[in-house]
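Order-wise, the sequence lines are chains R and A. Under the numbering used here, the first residue of the first sequence is numbered 17, with each subsequent residue one higher. Under the numbering used here, the first residue of the second sequence is numbered 67, with each subsequent residue one higher.
Hints listed in this document are in silico derivations from the structure and should not be mistaken for laboratory results. Keep in mind it's a predicted model, so treat the numbers as computed, not measured. Where a beta carbon is used, it is the ideal one built from N, C-alpha and C, also for glycine. Incorrect hints may appear among the rest.
Away from chain R, derived, C-beta distances all over 10 angstroms, residues of chain A [stated by the list, open to error]:
#1 GLY122
#2 LEU161
#3 SER181
#4 GLY200
#5 GLN217
#6 SER221
Straight-line C-alpha distance at most 27 angstroms; calculated BS3-like pairs for lysine-lysine [to be verified]:
#7 A:LYS115 x R:LYS252
#8 A:LYS129 x R:LYS252
#9 R:LYS252 x A:LYS231
#10 R:LYS18 x R:LYS401
#11 A:LYS222 x R:LYS296
#12 R:LYS695 x A:LYS211
#13 R:LYS742 x A:LYS111
#14 R:LYS456 x R:LYS417
#15 R:LYS292 x A:LYS111
#16 R:LYS283 x A:LYS89
#17 R:LYS742 x A:LYS162
#18 R:LYS296 x A:LYS92
#19 R:LYS252 x A:LYS212
#20 A:LYS111 x R:LYS695
#21 R:LYS695 x A:LYS162
#22 A:LYS231 x A:LYS97
#23 R:LYS296 x A:LYS129
#24 R:LYS296 x A:LYS231
#25 A:LYS222 x R:LYS639
#26 R:LYS639 x A:LYS97
Chain A is faced by these chain R residues, among others (derived, beta-carbon under 10 angstroms) [said to hold, decoys possible]:
#27 SER168
#28 PRO172
#29 ASP175
#30 GLU627
#31 LYS793
#32 ASN844
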Amino acid sequence: MKNNRLQGEGRINRNRPLNFIFNGKSYQGFEGDTLASALLANDVHLVARSWKYHRPRGILGSGAEEPNAIVQLEKGRLTVPNARATQVELYEGLQASSVNCWPGLEFDFLSINSLFSRLMPSGFYYKTFMWPKKLWMSYEHVIRKASGLGVSPELPDPDRYEKTYAHCDVLIIGAGPAGLMAALAAGKMSARVMLVDEQSEFGGSMLHSNETINGQPAQDWVSDTCEELASMQEVKLLPRSSAFGYHDYNFVTINERLTDHLPTGQKTGGRERLWKVRAKQVVLATGALERPLVFANNDRPGVMLSSAVMQYVNRYAVAVGQEIVIFTNNDSAYETAMTLLEAGLKVIAIIDNRINPGSSMADQLRSEGVKIIDQSVVVDVKGSKRINAVQVMSLQPGGDKVTGSVQTIACDLLAMSGGWSPVIHLSSQSGAKACWDDEKACFLPGVPIQHERSAGASNGCFDLKNCLSEGMLAGNEAAQQCGFEVDASIQLPVVNEVIFNRIKPLWLVPSMFKAGRGPKQFVDMQNDVAASDIMLAAREGYHSVEHVKRYTALGFGTDQGKIGNINGMAILAQSLQQNISETGTTTFRPNYTPVTIGSIAGMNLGGELFEPVRKTAMHGWHKQEGAEFENVGQWKRPWYYPRAGESMLDAVNRECLATRNSVGIIDASTLGKIIIEGKDSGEFLNRLYTNAWKKLDINKARYGFMLGEDGMVMDDGVTIRLEENKYFMHTTTGGAAPVFSWMERWLQTEWPELEVFLTSVTDHWATAAVVGPNSRKVVSAVCEGIDFDAQAFPFMSSREGLVNGIEARINRISFSGELAYEVNVPANYGLQMWESLMAAGEQYDITPYGTESMHVLRAEKGYVIVGQDTDGSVTPVDLGMDWVVSKVKDFIGRRSLYREDCVREGRKQLVGLLTLNGSDVLPEGGQIVEDPNASIPIPMIGHVTSSYYSANLGYSIAMALVKGGLSRMGETVHIPLADGKVIAAKISSSIFYDADGEKQNV
Amino acid sequence: MSDLQNGESPLVQIDFNQFEKVKGIKLTELKFQGHLNLRGRLNDKAFCKAISDAIGVELTSLKANTFILSEDFKVYWLGPDEWLIVTPPDQQLELKNTLQQALQGIFSSVTDVSSGQTIISISGFNARSLIEKGCTIDLHPRQFKKGDCAQTHLSKATVLLSVVKSSEAFEIIIRRSFADYLGLWLLDSSSEFV
């Protein structure tokens, strides 16, 4: 196997060789390599097939911009689709394979698409497969298999993902020369600084630069600076961290990779951490990306970005080619040429579209025997899985046509540079509108909308000296904005000044073929978008850059247009005869680079951490007794307590019978509880509830309805007057928090004159409702200091006493129609209270019951549950509960009750339903019709809100909202089911049991 | 199972021993403290004087989002007309009676919520990092220092967070029904410091 490793040092550790597998073959690289550099060191250029034409593709770049070298990392649970080989740090045992090729990379069956590529223009799939329409689903399956990138893991992700919030004064994104300098400046001013960089080590372009800083290699300055920053207490350094989203209010999201660089067996703890950062000020020092040039077959393996070539040579000590041609329109490629020469590699020629591109470097290169062919372009390359020659032609004066004969130059690598595009993604995401700069031929960050500034190459500043000074200025300014004083001792490092000649934009390289006739000139390699596709889109009438993007797929995929977008927009502008400013850019949106779903989802996905589980003081007891739980808001409430061999229905039937015949007990702690105190409390309740409160006696309880301003039922519950000016309100479990806010809102914003204070005591009190004919015996055995005589302690009253020596409040209220007492103690003693009641009830076979039996028992009595029998469109009158609505006083929602719509005939009203066959139980939500044989759509007259089998009655019961229901008593209606069956039911009163209400008063 | 004298803490199901493996974090529960919710109007001189006489705290000088230690009591600012008084165990009923006596005829409300919440103390060099994983506010000592408190979120639970020692020691007051959830969250979130 050919070894391309150079003698030079690079930043790899030759003492730590690492073995890895790519497409089933074993290779070796070194610590410090990326997967891409290690592959190139092993002379592997062909790494992928393109997604539409399945053309062979090689590594083009060296970072996030890489469009081709997209791999599937690892297998099974740990597999990562679409990793950029240029960003994957090598580790021992790494396994990767190419995506999107079948049966294999060397021979890809679908490369036949390439032969027909002229027949597959933009929109090909849409244009071709739209007829017949119904077959699209089958076409789509095949097309999706043939295109696309990596494969999603099918097994659950075993990794843990951490996340955290963070705050800082100055967040600096990018740790190249500008970012490091900004961090140093702000850090010295004692600002709280976060410095973030996506690479494993800080330094950015300095890691492969030949330049010197303060007379030392740039790499030395980087390590000194990093050391100094690390010693600053308020500076946080985050390598391997991508700032991928810049949101409103200087909120920046960062994905830190904690273990991706470690061998599979050595990864411990979280795989990634999502940082959610609020920064007072942001410095964007995100650098610039080199643009490719758009010429025929520019996607062949062996055609690379010039800066990437330099990086592989200097940083990774990899000779990506032996005989190299460079094609450029600017000076930066000359640095690559110098680097290659220093590394002992052969630079055959530099093709430059400019006229006599003289610079000190050009002169030096000429003297070393490098041929500089000016005013010329590469029109084509030869070779398929690796290039073997380039074809060069001269440009006519004016530069938009080629002339003369084709000159063929043999080579194994073409390094190209089409100029530089500042990474303005985050600046654009922050709201700044990018502006085109003609001289630098690139978009620059726009005027900041948020507290941010750009520095260095991301600001269009491409020379080291100015990068450092812009960085320092940005750091100083940002920290100053946070109130810190500039540290006068900071000095700018000394660097050599380099004079750059102006770039000569070269968007679509002129060719001997008419556009669309010759070989493809790729603009976006990941999406197989060629210049001809963009021109076709323009011809077909797509004039907005956003439309062209979606028609051609330009700028989608993992690189999000980092390689192709600017060239594509320029070619579109040319086609539309606009300038680039007029064409503009597509919108830059998060994420800058792909982010794992795991990172965004973060921790706490499973079990009890996804959503808080609220528990009562007796939760452990319920669990021990084998209760099944039901979610009620965030609470877990016992649903029913199945005994061995019992079905849910068995258990509920047993619980309901035991409660009505002897005694049952239910945990009612979850109900909302609010103390209302102050001299205007009665007046406040009067305005809040539909009924009157001022005349309620102390220690008496009353049921109340609360309406919204629209007159619709919002909440209900029992409120007790504790003292002259103090009440204890119960709300529904789910209504506790909203009702509390509702009440505070009225007090604070509408009625500040009322002297009323509210305090939530929901969590303070644990409540057990003891229900059934034997409840008095059980409760009186446990509670001291209370006379339980039926007359002394009547229904709808409240008493204070002691349970196990602890203060307790007993409310004689009932949600079942039975004799019942609700025992409240401070929740720390809730379990003791519960156990005491269970012990006292043993001789009566006291039966714990859950929410299901509670629902059945209350339905037998026709008691509504707000939110089940009501849905926000139901008034108390609709429920047949006019008795709870005062006719003489005002209250919230009163006026709405007299709106035309609220008093019209035919509103849905709450009624009972009895199925003709008593063993049929209607499904809740079932639609009610008069005639099941009517023509479709059958008019629906209502729906079932609650439905149960009642063991106490021996037949099923239901409640329903039916149009004009109260005047339809005795009518038969029908409930068609999903399976085609129809159940007939008779409309009845919604009170099915103990219609006179005797039992609760005994 | 439950302690007859004090009953049972809402964190009874959380195994606090597991926190001993966590580096840089000491996590304990301050069980069975008295918690009294106090409401009244600061422009009511009689109200302020009654409180000052009873617990020696001038509510008018207690800044928003701070707390103060007075004798055995901690008084937290919760709102312009709402405070929380935390007492040592078993003193809440006595203090409640004292306050209610002193506030006779004054528009106010003193409510015992001792069983409705508990306190978790978190200290150590990783304490701040642990809380930052679930709390959106800035906990840096320049922003949130000894004596400060905030009603905020820790993960998905509402908490009253206070600083006992800048950057190093915090107390979290959590509602009873959310306490077990928060205990599990703290155990899970601190696993990276083990």
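Within 27 angstroms, alpha carbon to alpha carbon, are A:LYS231 and A:LYS97? 20 angstroms, holds
Verify the proposed pairing of R:LYS639 with A:LYS97, using a straight-line Cα cut of 27 angstroms. 24 angstroms, holds
Does the structure keep A:LYS222 and R:LYS296 at a Cα separation of 27 angstroms or less? 25 angstroms, holds
Take a quick look at whether R:LYS296 and A:LYS129 sit within 27 angstroms of each other, Cα to Cα. Satisfied, since the Cα-Cα distance of roughly 25 angstroms is no more than 27 angstroms.
Interface restraint verdict for R:LYS793 against chain A (beta-carbon cut-off 10 angstroms): Since chain A brings no Cβ nearer than about 25 angstroms to R:LYS793, farther than 10 angstroms, the hint is violated.
Just to be careful, I want the Cα atoms of A:LYS129 and R:LYS252 compared with a cutoff of 27 angstroms; is the pair within it? The hint is violated at about 32 angstroms.
Checking one constraint from the list: CA of R:LYS695 to CA of A:LYS211, max 27 angstroms. Satisfied? 39 angstroms, violated
Decide, holds or violated, for the assertion that all CB atoms of chain R are farther than 10 angstroms from the CB of A:SER221. 7 angstroms, violated
Is the Cα-Cα distance between R:LYS695 and A:LYS162 27 angstroms or less? Holds. R:LYS695 to A:LYS162 sits at ~19 angstroms (cutoff 27 angstroms).
R:LYS252 and A:LYS212 were given as a pair; does the straight-line alpha-carbon distance stay at or below 27 angstroms? Answer holds: R:LYS252 to A:LYS212 is near 23 angstroms, not above 27 angstroms.
Taken at face value, is the distance from the CA of R:LYS401 to the CA of R:LYS18 at most 27 angstroms? Given that 27 angstroms is the threshold and the Cα spacing comes to 16 angstroms, the pair holds.
So is A:GLY200 really clear of chain R, every C-beta pair being over 10 angstroms apart? The assertion about A:GLY200 is violated, with a minimum of 8 angstroms to chain R.
Hint compliance for this structure: hints 3, 4, 6, 7, 8, 12, 15, 18, 27, 28, 29, 31 are not met, and every other hint is.
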